[in-house]
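Here is what each chain is made of, one letter per residue.
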Amino acid sequence: MLTKLKYTEELNVQEVYHQLQLGEQPILIKNFPLDDLYLENFVLQLGEPVIEARNIRGKSVFNVEVSKQNNFFRSIANSNIEFPLHTDCADFKEIPNCIALLCVQPATETQGTSRFTSLSAILEKLSPIEIKLLTQKQWLFRNKQRPILQQEEISYSICYDRITMETFAEVSKEDINLLHKLDALFNNVSFTLFLEQSDLILFRNDLLLHGRSGFDLDSRRLLKRVRLYLK
Amino acid sequence: MNIQYAIGEPDNQNGLIYKQIAIDISDKNTIGDFISKLHEIIGLPMYREVTWGENTTKVSCVYYIQKKLGELSFIVLDKSRMNTKVSKFPKSGPNGELTIIINNSTGIVN
Ligand SMILES: [Fe+2]
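If you're matching them up, the sequences are chains W and F in order. Everything in the first sequence is counted per our numbering, starting at 1 for the first residue and increasing by one. Everything in the second sequence is counted per our numbering, starting at 1 for the first residue and increasing by one.
Please note that the accuracy of each hint is not assured.
DSSO-like mimics (lysine-lysine), calculated; alpha carbons at most 30 Å apart, straight line [said to hold, decoys possible]: (1) K91(F) x K59(W); (2) K59(W) x K68(F); (3) K58(F) x K68(W); (4) K68(F) x K93(W); (5) K181(W) x K137(W); (6) K79(F) x K19(F); (7) K19(F) x K144(W); (8) K68(W) x K85(F).
Just so you know, these hints were derived from the structure itself, not from any lab.
For reference, chain F alone in the conformation it holds in the complex (with noise of 0.2 Å):
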C-alpha cells in the first residue's frame, strides 16, 4: 500500500517534510502492525533514550493519522486502537494514502 509519512511535530505543519513510499503489507493487518514495518523500512527506532542524572528510560513515538486532506485534524493512536484495521483509516493523502506523522521529539518529556 502507498503512504506518505512525515517525523516531527503534528501542531508544526511548516517543519513537515513528507514523504511517499510503499508498504507492502495489506490493509487487512492491524495498524500496529503497520506501525511495526514502517519503523523497519525506515529505519527509526520505536522509541528515544530520555535521559537525566542517572536515569534513563524509554519513551515511545506517538503517532498522529491525518483525518482529511488540508485538515489538521487527527486520530491519535494509543493502545486501544492498535489492533484496528489499517483499512479502517482515513486515507487523507492527495492519491488516498495513509498520512501519518511520527512524533519522537516535542511532548516526550511532558
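Just chain W, same shape as in the assembly (with noise of 0.2 Å):
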C-alpha cells in the first residue's frame, strides 16, 4: 500500500523516480528536511513543478493551511473542512501527475487525517460496462471537459474532483446521485495515513485519488505542496 524510505543524505532519487514511474503506491520519506528551497529542489531531481503566482514567492511551494480573505477561506485546501477523494489541479489543461506533500505541522491525531484510494483498487470493483460509462461520459471540470476514466495505452488513468465538478456547472440530480455511488466506492477501496511531522508523501496525482478529514478551525496543520509533471 505504501513504500517507506527514510530520508538521509545517500537517499537515492533514482529509486524515488522509479518507485512513482510504477504508480502502485504513495511513497512515504521520513525524517525529510523543514525546508521550502530543499523541497523545491528534491522535487526538481523528479521532474517540472507547476508554478504558480499564489505559491511561496511565485515558485512551486503552496502552503496547505488554514487562511481566510475576507473572512472567506481562500479555498477548500486553505480550510479545515473535509476534503473529499479527489485528484488536484482537474481543471487544467494538462493535468500534473505527480503531488508532493510535506507534513510541517500535523493537525492532532485522528484530525486532518490524508486518504488515499488506488486506481487498481477502484477498478477492480467496476463491471467492464461501468468502466466503459465512465470512459465515455463527459464532465465539466471548470472549463474542461473530460471523462472520470481515460484509457492509456495499456492502462487507464482518473481524474475526479466532485466540488469543481459540482461548482462550476449545473449537474443534475441523476449525476449528484452517481457521484454520491463513486464516492462510497471509492472510499470503500481507500486507506489512511496520518502525516507526521518531516513526513514527505509522493504519490500520483493520475493513478490515485487522495482527500483529507477534516480538523479544528484553530489547527495549526501546515503542508507543504508541490504539484509535478514527471520527467
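Each chain sits in its own coordinate frame; assemble them with the hints.
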C-alpha cells in the first residue's frame, strides 16, 4: 500500500523516481528536512513543478493551511473542512501527474488524516460496463470537459474532483446520485494515513485519489505542497 | 485614483482583459477598503459559492497586485496586508495605475 523510505544524505532519488513511475502506491519519506528550498530542489530532480503566482515566492511550494480572506476561506484546501477523495488540478489543460506533500505541522491525532485510493483498487470493483460508462461520459471540470476514466495505451488514468465538477457546472440530480455512489465506492477501497512532522509523501495524481478528514479551525496544521509533471 | 483590473488567473495572462477605471478613493485608505469598494463598483461578489453534495461554503476571491510593468511578479494579498495603505503598493500600470488581478476561479478548490 505504501513504499516507506527514510531520508538520509544518501537517499536514492532514482529509486523514488522509479517507484513514482510504477505508480502503484504513495512513497513516504520519513525525516525529510523542513525547508522550502530543499523541497523545491528535491522535486526538481523528479520532474517539472507547477509554478503559480500564489505559491511561496511565486515558485512551486504552496502552504496548505487554514487561511482566510474577506472572512471566507481562500480555497477548500485552505480550510479545515473535510476534503473528499479527488484529483488535484482537475481543471488544468494538462494535469500534473504527481504531488508531493511535506508535513510541517500535523493536526491533533485523528484529525486532518490523509486518505488515498488507488485506481487499480477502483477498477477491481467496477464491472466492464461501468468502466466503459466512466470512460465515455463527459463531465465539466470548470472549463475543461473530460471523462472520469481515461484509457491510456495499456492502462487507465483517473480525474475526479466533485467539488470542481459541482461548483462550476449545473449537475443533474441523477448525476449527483452517481457521484454519491462513486464517492462511496472510492471510500470503500481507500486507506488512511496520518502524516507526522517531517513526513514527505509523494504520489501519482493520475493513478491515485487523495483526500483528508476535517480538523479544528484553530489547528496549526501545515503541509507544503508541490505539484509536478514527472520527467 | 486610476487603476486597472482584470478578473481571472494571474498565471494565464493571455486570458486576461484589463480594464482601466477611476475609483473614488484616496490612496491613504487601506487596501482592504479599496478591495471592498472595487467589488462594489464592478458588481463582483467577494466570494464564490462552492458546492458538493449537500455541502456548500463560500470561498474568497484572491488578489494579486502586479509589482512591475511587464513583469509577472505579484504581491499576493493576505489577511496581514489588508490594513496596509494603498499608497504603499506598487503602481505598475502604463500610466502609473495600480494593477490588480482578482481570481475567483482557478485554485478556489485546491
Ligand atoms: Fe488535493
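Checklist entry - Looking at the structure, which of the earlier hints fail to hold? => result When the structure is compared with the hints, none of them turns out to be violated.
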